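*Asks:* The chain contents come next:
2 protein chains.
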Amino acid sequence: MPAISTRGEQMPPSPIRKLVPFAEAAKKKGIKVYHLNIGQPDIETPSAIMDAVRNASIPVLEYSHSAGNESYRKKLVEYYAKAGISLSHEEIMITAGGSEAIQFGFFACLNPGDEVIVPEPFYANYNGFACAAGVKVVPITSTIENGFALPPIAEFEKVLTPRSKAILICNPNNPTGYLYSDQEMEALGQLCKKHDLYLFSDEAYREFCYTGEAMSALSLKGLEKQVVVMDTISKRYSACGARIGAFITRNKEVYATAMKFAQARLSPPGLAQIMGEAAVDLPADFFDAPKAEYQARRDLLVKRLNQMPGVFCPNPGGAFYAIARLPIDDSDRFCQWLLDSFSYEGQTLMLAPATGFYGTAGLGKQEVRLAYVLNLTSISAAMDCLEKALEQYPGRKLN
Amino acid sequence: MPAISTRGEQMPPSPIRKLVPFAEAAKKKGIKVYHLNIGQPDIETPSAIMDAVRNASIPVLEYSHSAGNESYRKKLVEYYAKAGISLSHEEIMITAGGSEAIQFGFFACLNPGDEVIVPEPFYANYNGFACAAGVKVVPITSTIENGFALPPIAEFEKVLTPRSKAILICNPNNPTGYLYSDQEMEALGQLCKKHDLYLFSDEAYREFCYTGEAMSALSLKGLEKQVVVMDTISKRYSACGARIGAFITRNKEVYATAMKFAQARLSPPGLAQIMGEAAVDLPADFFDAPKAEYQARRDLLVKRLNQMPGVFCPNPGGAFYAIARLPIDDSDRFCQWLLDSFSYEGQTLMLAPATGFYGTAGLGKQEVRLAYVLNLTSISAAMDCLEKALEQYPGRKLN
Chain V
1 MPAISTRGEQ MPPSPIRKLV PFAEAAKKKG IKVYHLNIGQ PDIETPSAIM
51 DAVRNASIPV LEYSHSAGNE SYRKKLVEYY AKAGISLSHE EIMITAGGSE
101 AIQFGFFACL NPGDEVIVPE PFYANYNGFA CAAGVKVVPI TSTIENGFAL
151 PPIAEFEKVL TPRSKAILIC NPNNPTGYLY SDQEMEALGQ LCKKHDLYLF
201 SDEAYREFCY TGEAMSALSL KGLEKQVVVM DTISKRYSAC GARIGAFITR
251 NKEVYATAMK FAQARLSPPG LAQIMGEAAV DLPADFFDAP KAEYQARRDL
301 LVKRLNQMPG VFCPNPGGAF YAIARLPIDD SDRFCQWLLD SFSYEGQTLM
351 LAPATGFYGT AGLGKQEVRL AYVLNLTSIS AAMDCLEKAL EQYPGRKLN
Chain R
1 MPAISTRGEQ MPPSPIRKLV PFAEAAKKKG IKVYHLNIGQ PDIETPSAIM
51 DAVRNASIPV LEYSHSAGNE SYRKKLVEYY AKAGISLSHE EIMITAGGSE
101 AIQFGFFACL NPGDEVIVPE PFYANYNGFA CAAGVKVVPI TSTIENGFAL
151 PPIAEFEKVL TPRSKAILIC NPNNPTGYLY SDQEMEALGQ LCKKHDLYLF
201 SDEAYREFCY TGEAMSALSL KGLEKQVVVM DTISKRYSAC GARIGAFITR
251 NKEVYATAMK FAQARLSPPG LAQIMGEAAV DLPADFFDAP KAEYQARRDL
301 LVKRLNQMPG VFCPNPGGAF YAIARLPIDD SDRFCQWLLD SFSYEGQTLM
351 LAPATGFYGT AGLGKQEVRL AYVLNLTSIS AAMDCLEKAL EQYPGRKLN
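Chains V and R, in that order, give the protein sequences.
Sequential numbering from 1 applies to the first sequence in the numbering used here.
Sequential numbering from 1 applies to the second sequence in the numbering used here.
For the record, the hints were derived by calculation from the structure and aren't laboratory data.
Be aware that a few hints might be false.
Same chains, same label: a pair holds when it works inside one copy or across any pair of copies.
Using 20 Å as the maximum straight-line C-alpha spacing, the simulated EDC-like pairs for lysine to aspartate or glutamate come out as follows [to be verified]: (1) Lys365 x Glu145; (2) Lys75 x Asp182; (3) Lys18 x Glu155; (4) Lys28 x Glu345; (5) Lys18 x Glu70; (6) Lys28 x Glu70; (7) Lys194 x Glu345; (8) Lys303 x Glu345; (9) Lys74 x Glu184; (10) Lys252 x Glu9; (11) Lys291 x Glu62; (12) Lys27 x Glu70; (13) Lys82 x Asp299; (14) Lys221 x Asp196; (15) Lys18 x Glu253; (16) Lys303 x Asp332; (17) Lys18 x Glu62; (18) Lys365 x Asp340; (19) Lys29 x Asp281; (20) Lys225 x Glu9; (21) Lys252 x Asp288.
Note that the structure is predicted; figures quoted are calculated from it, not measured.
In isolation and in its complexed conformation, chain V is listed as follows (with noise of 0.2 Å):
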């Protein structure tokens, strides 16, 4: 038969998705799994924009323009201005999730072998779309002693090479959930600045900001060349399925660049844009229930983990996302013990291994991502889980 590619030998299998078989497996067996692995909340989807599909006039589904409807990007351009941003329609172009955005912003930014800097860890498939694209990552490692900041600047500045073309980060950030501070932001506008590079900004929980704001890259002054931001309604609005996204530059040659590859898929998906466009008309306190709901969440998961023995999380200020350090040997094992040998009166949780989402191999061994995408009494029935999980592993190992 003929070979498959190497891109496709090397492209990394989801990190997230690799314990399924042993969570339907336990399922099977018929023990109930909270699964805190995967960022799919369990919030409804606004009835208002499902409405919207529901109600449309559609004789015959076109194609849309292939930077998508322009009544969509004109909405979005209120959108972005209440968060006190200031866009053209025609800087934004809308994908089909925040997926196609990040590889719109890898295939016109980027030629094969050149790298891309990304404080680690980072969402797991940023590797695959660098892996399609041909493009290196290369990751600065953030710890959990400080919460996940960002690594200092020097250390950017260490790693930088001739092939060195963009940094990309997550704000607030998935998987730490940490929310980036102004004076970060700023530092990180420089240093785009100072050596030319990109600055790709993941920006998809923009609104689950528990400590402050997030500050969005196209806030940065002077760095009109430089941003790129991916954005997407996936967590905002609770409608991952929609798969609906943004690509956002004031960068004209960029925005056109990325436009071809656009063109080349025709249009992005058209029921969800009517979706997209109605969440905007969506009442102004319509963020406040969501964002109160995941923080009594967080509040719960954090305080109920660092009581554990020999646990330690840091509080996240967004997203909804944590990462906690266990006292276990290998966060892999631990993940699918929890699945295939452990339960507790008939429950245990599903958690994601933090080693896939370090680009450094080693890292992340004793760590785990935890999203807090299901209501307190899961949660909290899934922290009784774990407490009892800690208690009996076998391969317990304090640190």
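Add chain R to chain V, keeping to what the hints say.
*Replies:* Quick look at chain R alone, frame taken from chain V:
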């Protein structure tokens, strides 16, 4: 500013869309423009499949399985069975349009620098996907004289190099409308087997055949490891804006590799998967009406074209495209002239210059692609315009 990528610079803009500003300017002058330039059907999206979305109860629009909803894939097994193709749902992966299916095929099977052989003229966006993947498109010329039949197999063998990795066809063909015979398909299959090449087959127009049936590459015996089919609901159900397609292969290794790219982008569009699933349950005679309509349009279009002095248009066997040779100096110049310098009774037409569908520079200068996606009255009026235009065009040139 940081430089854009080389692949971004090399990425071709859409040849179909480059004349859009001229069409917009014509409309601003009050001229009615008949759009025969793009494969956007005017036929209504079946209300039953829109209603499936309207009536769905979706409290949380969650990520689907990365391969698409299992229920939809199982439904597609029924769809392909009706077309005489036996598949399991684990050989079908749902994609964001046929576009993403082509991308997955290129990424999973081809390395940068590998060559994919494509009979020209071909669907122009293949160039874009090849550019994104760093793959070289090697064209083999088919000619209007014999209706764009498959070039002799010897022509394919002539261009084989150690980097040749795949053959890509579209059947029935966009942009020529040519319907490959079973013998041609068998010959291609033998060629791929002999030289261990992948056979990528874009089968978006399967139902629209007027002189026989399209043989799917999946029906070729002994080519389970070679064949990858790219499919889409866009044209089949007039649902171009839905962005739902499928990547199909019986080669488990290729499937598993494509799956890693699918996991990186999480899932295909959610609402439109509901449309696709409902479409399989449309009545058995659903295609009778659109097929008869397209055939009547083809008959009128081809007859009118061949009645014009100096025009030659072979009768296409499928899809809803035809390529005609016109008595003109340069199809790009002519198509622009139709929009910016011509009108007949306040009307004109928009065509796609065939130059954009050839990989060999200089070909297609006397050819245009016409998409018969308008009703008979509009096609008739558009042909009136074309007839007058050819009389007046200053660059008139007989062969």
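*Asks:* Next, verify each hint and record whether it holds.
*Replies:* The hints, checked one at a time:
Taking identical chains as interchangeable, the C-alpha atoms of Lys365 and Glu145 lie at most 20 Å apart only when both belong to the same chain, with a minimum of 15 Å there against 66 Å between chains. For the homomeric pair Lys75 and Asp182, neither the shortest alpha-carbon distance inside one copy (27 Å) nor that between copies (51 Å) is at most 20 Å. Taking identical chains as interchangeable, the C-alpha atoms of Lys18 and Glu155 are never at most 20 Å apart, the minima being 32 Å within one chain and 45 Å between chains. When the C-alpha separation of Lys28 and Glu345 is checked against a cutoff of 20 Å, the pair qualifies only within one copy, where the shortest distance is 16 Å, while the shortest distance between copies is 71 Å.
In this homomeric assembly, Lys18 and Glu70 come within 20 Å of each other (Cα to Cα) only across copies, at 18 Å, whereas the closest approach inside a single copy is 39 Å. Taking the shortest Cα distances, Lys28 and Glu70 sit within 20 Å of each other only across copies (18 Å), while inside one copy they are farther apart (48 Å). For the homomeric pair Lys194 and Glu345, neither the shortest alpha-carbon distance inside one copy (57 Å) nor that between copies (60 Å) is at most 20 Å. Taking the shortest Cα distances, Lys303 and Glu345 never come within 20 Å of each other, neither inside one copy (22 Å) nor across copies (76 Å).
In this assembly of identical chains, the alpha carbons of Lys74 and Glu184 never lie at most 20 Å apart, being 31 Å within a copy and 50 Å across copies at closest. When the C-alpha separation of Lys252 and Glu9 is checked against a cutoff of 20 Å, the pair qualifies only between copies, where the shortest distance is 14 Å, while the shortest distance within a copy is 35 Å. For the identical chains of this complex, Lys291 and Glu62 are inter-copy neighbours only, at 19 Å across copies versus 36 Å inside a copy, given an alpha-carbon limit of 20 Å. With identical chains, the CA atoms of Lys27 and Glu70 are at most 20 Å apart between copies only, with a shortest distance of 18 Å across copies and 46 Å within one.
Taking the shortest Cα distances, Lys82 and Asp299 never come within 20 Å of each other, neither inside one copy (28 Å) nor across copies (55 Å). When the C-alpha separation of Lys221 and Asp196 is checked against a cutoff of 20 Å, the pair qualifies only within one copy, where the shortest distance is 15 Å, while the shortest distance between copies is 55 Å. Taking the shortest alpha-carbon separations for Lys18 and Glu253, only the inter-copy value of 17 Å comes in at or below 20 Å, while the best intra-copy value is 39 Å. In this assembly of identical chains, Lys303 and Asp332 lie within 20 Å of each other by CA distance neither inside one copy nor across copies; the values are 24 Å within and 68 Å between.
Taking the shortest Cα distances, Lys18 and Glu62 sit within 20 Å of each other only across copies (19 Å), while inside one copy they are farther apart (37 Å). Taking the shortest alpha-carbon separations for Lys365 and Asp340, only the intra-copy value of 19 Å comes in at or below 20 Å, while the best inter-copy value is 65 Å. Proximity of Lys29 and Asp281 under a CA criterion of 20 Å is satisfied in neither setting, with 45 Å inside one chain copy and 35 Å between copies. Taking identical chains as interchangeable, the C-alpha atoms of Lys225 and Glu9 lie at most 20 Å apart only when they sit on different chains, with a minimum of 17 Å there against 35 Å within one chain.
Within a single copy, Lys252 and Asp288 get their C-alpha atoms no closer than 35 Å, and across copies no closer than 47 Å, so neither meets the 20 Å cut-off.
The structure shown violates the earlier hints numbered 2, 3, 7, 8, 9, 13, 16, 19 and 21.
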